[in-house]
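S.K.: Residue-level listing of the chains:
Protein chains: 2
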Amino acid sequence: MRSKKRTTIYDIAEKLNLNPSSVSRALNNSSSVNDATKKLILKTAKELNYTRNTLASNLRKGHSKTIGVVVPRINQNFFSNVIAGIEDATYKQGYNLVICQSNELYEKEVQCVNTLINQHVDCVVISISVETTDHKHLQNILDHGIQLIQFDRVADELETLKVTNDNEQSSFEAVCHMIKQGYKRVALLEGPQKLNIFRQRKNGYLRALEENGLPVIQELMIENAWTKELSANATRQLLSLPQPPDAIFASTSDFSALGVLEVATAMTVKVPEELGICGYSNEDFTEITSPSITTIDQFSFYMGKTVANLYFQEMENTDTMVVPKIISIKPKLITRSSTQKS
Amino acid sequence: MRSKKRTTIYDIAEKLNLNPSSVSRALNNSSSVNDATKKLILKTAKELNYTRNTLASNLRKGHSKTIGVVVPRINQNFFSNVIAGIEDATYKQGYNLVICQSNELYEKEVQCVNTLINQHVDCVVISISVETTDHKHLQNILDHGIQLIQFDRVADELETLKVTNDNEQSSFEAVCHMIKQGYKRVALLEGPQKLNIFRQRKNGYLRALEENGLPVIQELMIENAWTKELSANATRQLLSLPQPPDAIFASTSDFSALGVLEVATAMTVKVPEELGICGYSNEDFTEITSPSITTIDQFSFYMGKTVANLYFQEMENTDTMVVPKIISIKPKLITRSSTQKS
DNA sequence: CATTAAAAAGCAATCGATTGTTTTAATTTA
DNA sequence: TAAATTAAAACAATCGATTGCTTTTTAATG
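From first to last, the protein sequence lines stand for chains A and B.
Start counting the first sequence at 1; every next residue gets the next number (the working numbering).
Start counting the second sequence at 1001; every next residue gets the next number (the working numbering).
Honestly, the hints are just simulated from the structure, not real lab data.
Please note: incorrect hints may appear among the correct ones.
[Unchecked claim] Simulated crosslink set (DMTMM-like; lysine to aspartate or glutamate; CA at most 25 Å straight-line):
no.	chain 1	residue 1	chain 2	residue 2
1	A	Lys65	B	Glu1107
2	B	Lys1092	A	Glu107
3	B	Lys1065	A	Asp122
4	B	Lys1325	B	Asp1134
5	A	Lys43	B	Glu1107
6	B	Lys1043	A	Glu107
7	B	Lys1046	A	Asp143
8	B	Lys1108	A	Asp88
9	A	Lys5	B	Asp1122
10	B	Lys1228	A	Asp88
11	A	Lys270	B	Glu1287
12	A	Lys332	A	Glu173
13	A	Lys270	B	Asp1284
14	B	Lys1330	B	Asp1088
15	B	Lys1092	A	Glu131
16	A	Lys46	B	Glu1107
17	B	Lys1046	B	Asp1011
18	A	Lys43	B	Asp1143
19	A	Lys92	B	Asp1122
20	B	Lys1305	B	Glu1168
21	B	Lys1180	B	Glu1210
22	A	Lys228	B	Glu1287
23	B	Lys1046	A	Glu107
24	B	Lys1038	B	Asp1011
25	A	Lys92	B	Glu1107
26	A	Lys305	A	Glu159
27	A	Lys92	B	Glu1047
28	A	Lys136	A	Glu314
29	A	Lys108	A	Glu159
30	B	Lys1341	A	Glu262
31	B	Lys1194	B	Glu1210
32	B	Lys1341	B	Glu1168
33	A	Lys228	B	Asp1088
34	B	Lys1194	B	Glu1223
35	B	Lys1043	B	Asp1011
36	A	Lys108	A	Asp122
37	B	Lys1270	B	Asp1246
Computed from a predicted model, the values in this text were never measured in an experiment.
Start from the sequences, fold in the hints, and give me the full structure.
M.R.: Next comes the structure, spelled out in C-alpha cells:
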C-alpha cells in the first residue's frame, strides 16, 4: 500500500523518449510544445494514471495555493457557515483550505498559526479565541509575508484586512426595536469584554438607551453571560430583582437567549407580554421555539465568501502596498414573536 | 508583501559558516551534531525567524502529513461535528486537515477527490454524496496508494476501512420503542434509497414491524422525504389518509421530524397523544421544541475521533496488508416527549 | 538552394529540506 | 608518538516540477 510508487513526469518522458521539461510544458498546456506530442503526452499521462505532485510544483512556484483558517470551533453554526462560504469561493479558484480550531484556547491558537506558517499557506484567515489578547502570533504571520485576514472577532490594534459585522449598529437597532415595542427596562447579557464584538454590542445597547432617553442601569447589565447556563443563571438573578427588567437582550448568542426563555418559562414569566427577548446569530432553532425568538442574522455564509474574495482581490495588486482594509457587513434584525409586546 | 524572502536553512548555514545539512540535522535534533553548535543553530534560527518549509520537507520525505476530508456539507451539524472530532485527534499527531465539500454533487465530489490526490494527501476520509453511485474516483484514491476511510454514508461495494453507525439497529430500537408506547400505525419517512444509510434505516423499521407482528403498510412508507419541506408535504398527505398513521418515524433527519411536528401542530393533531414523532441525529433543537422530539444520537464527534484513530492504527502496520475493516458505532435512542403516549 | 525566422525540443539550474556517504577533526588506545 | 576509534561536519544526490536559455529541427522567404 504505502510503497506504491507514483508516476512522475520523468516516467512519462522516459516512456516517450522526451525531455521532462516538455512533459511539464505539455501538461501545463504551453504553446511551445507541438500539438501532436502534447496530445501524446496527455494520453500517456492518463494511461499511467499520472497526477501532478502539488508539493513539488508549489515548492518550485513558491506558493501553496492553500488558505489556512483558524476558528474557535469548527462545529459552531456561525463558523461552519463562514467556512462553507470560504470553501465555496476558494474552490473555484483551485485553492485548498486547511482548517484548524483553537478551541477558544490561546495556546492552541498560537500552535495552529505556527503550523500554518510552516505549511507556507498563502493566507491565514482567523477569528481569534476568547483568550487572545496578545497578537505576536498574528504579527508573525505578517512577518513571514503571509496575507492575513481577520474576521468577526478581530484584534482592533492590528492593522490588517478585516471582515466584520457591524455589531454596534445591529445591536443598536435590536434594542431600539425593543424599546419601540414598549419595553422600558431592557437588560443586557454581555459577552467577555476582551472580545471587541462584545464591546461593540454593548456600545450599541448603550447608544440605544441614550438616544431613547432611557437611563443606564448597572444592575441590568450582566457580565460574562455567554453560555446558555450562564445566561440562565443571569436571568434568574435578573427576574428576582425588586425591579426586574421587562426585556433582555442576550447579545452573546441565541443559546443565551434560549437560556433566558427557558428560565422565564420555568418562572411562569410570560414571553413576550411580560418579558421581551432578543438573541444574536439567527440559529436555526430560533424560528421554532415557542415563542419564536427575535434575533440578528449575520450572513455567515456570505461573510465567508467575502473573506475569500477579499483575498483574491488583494492578490491582484501585486506591486502596490497592502492597505489595511475593513469590510463591514450589516447584519439584519429578524423580528419574531419574542419581542411582539403589542 | 509577497516578495519578502523567507529564511531557509541555507541562510542559517551561511551565517554560521556551516553546511546546510548540519543545520537540518540540528533542527531535527540529530545526535550527530555537536551540542554547542546545535544550540547556536537553534538560536540563530530563532533570530532569523526561521520556519521549516513543509513543502520541501514533505516532498523529500515522500508524504504530506495531511488528511483530506470530503463531506457533502461542512455546515451541517453532523458533519461539522465529525470534522471537529477528526481535527481533535489528528492535530495532536501533527497532521493537517484539508476540507472539501461536495455539496451533494457527484461531479464536485470527483473534483474534490482529484484535488486531494494531487495534493498527495496521506489519507482521504469521505462520506459520499447522495448522487454518488459510481466509485471509480474512490478506487482511484486506492490506486494512488492513498489510504481511504469511508464514514457514515459508505459505498458498500468498495472494500475499504469504514466507520459507520449501526443504522439498522438504532432504527429498529426507535420503532420498537414507539410500538411499545402503544402506537399501532407507524409511518416511515425514507431518505433516498441510493444511500445505504437510508436503506438500513428502512430495514430496521421493517424488522421492528415484523418482530412486533405488525403489518407492513405501503401507503405509510413515503419515499424521498429527506428535507423539512418534503417531510411536511408527506405529513400532510399521511394525515389526510382515511386511516392516518398514529406515529411517524422521520428516519432521514431531525429537520424532517420538525417538518412533521409543524404540520401536525398546524392541523391541530396532538403530539404525542394522537401522533408520535421520532427523528434522527439529535440536533440541538430537538430538545427545545414543544414537545421535545425523540431522536437518535450518532455520537458524531466521537465518530470523527474514531476515524482519525483508525488511520493512525493502520499507519503502524507498515508491512502487513491492509485488511478491510469496519467499525460500527451504536447510536443511542434519546426518548423525549414526542413519543410519550402514555 | 541558401539564409533566416520560427517552432519544438533539450539542457540545466532551481525551489528547500533531507540523508547516505565521505572527509576532517578530535579523542583514545596501544 | 603513531595508529585506531569516534565524533562532528562537509559533500552531494534526491524528492518532482518548473522555467530561462540553448540547441536542434522545421518551415518560410528571397
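S.K.: Take the hints in turn and mark each one as holding or not.
M.R.: Comparing the hints with the structure gives:
no. : hint                  : verdict
1   : A:Lys65 - B:Glu1107   : 22 Å, holds
2   : B:Lys1092 - A:Glu107  : 13 Å, holds
3   : B:Lys1065 - A:Asp122  : 18 Å, holds
4   : B:Lys1325 - B:Asp1134 : 21 Å, holds
5   : A:Lys43 - B:Glu1107   : 22 Å, holds
6   : B:Lys1043 - A:Glu107  : 22 Å, holds
7   : B:Lys1046 - A:Asp143  : 13 Å, holds
8   : B:Lys1108 - A:Asp88   : 11 Å, holds
9   : A:Lys5 - B:Asp1122    : 13 Å, holds
10  : B:Lys1228 - A:Asp88   : 24 Å, holds
11  : A:Lys270 - B:Glu1287  : 20 Å, holds
12  : A:Lys332 - A:Glu173   : 9 Å, holds
13  : A:Lys270 - B:Asp1284  : 24 Å, holds
14  : B:Lys1330 - B:Asp1088 : 21 Å, holds
15  : B:Lys1092 - A:Glu131  : 20 Å, holds
16  : A:Lys46 - B:Glu1107   : 19 Å, holds
17  : B:Lys1046 - B:Asp1011 : 12 Å, holds
18  : A:Lys43 - B:Asp1143   : 18 Å, holds
19  : A:Lys92 - B:Asp1122   : 23 Å, holds
20  : B:Lys1305 - B:Glu1168 : 22 Å, holds
21  : B:Lys1180 - B:Glu1210 : 14 Å, holds
22  : A:Lys228 - B:Glu1287  : 13 Å, holds
23  : B:Lys1046 - A:Glu107  : 19 Å, holds
24  : B:Lys1038 - B:Asp1011 : 15 Å, holds
25  : A:Lys92 - B:Glu1107   : 13 Å, holds
26  : A:Lys305 - A:Glu159   : 21 Å, holds
27  : A:Lys92 - B:Glu1047   : 39 Å, violated
28  : A:Lys136 - A:Glu314   : 23 Å, holds
29  : A:Lys108 - A:Glu159   : 23 Å, holds
30  : B:Lys1341 - A:Glu262  : 24 Å, holds
31  : B:Lys1194 - B:Glu1210 : 23 Å, holds
32  : B:Lys1341 - B:Glu1168 : 24 Å, holds
33  : A:Lys228 - B:Asp1088  : 24 Å, holds
34  : B:Lys1194 - B:Glu1223 : 11 Å, holds
35  : B:Lys1043 - B:Asp1011 : 13 Å, holds
36  : A:Lys108 - A:Asp122   : 21 Å, holds
37  : B:Lys1270 - B:Asp1246 : 10 Å, holds
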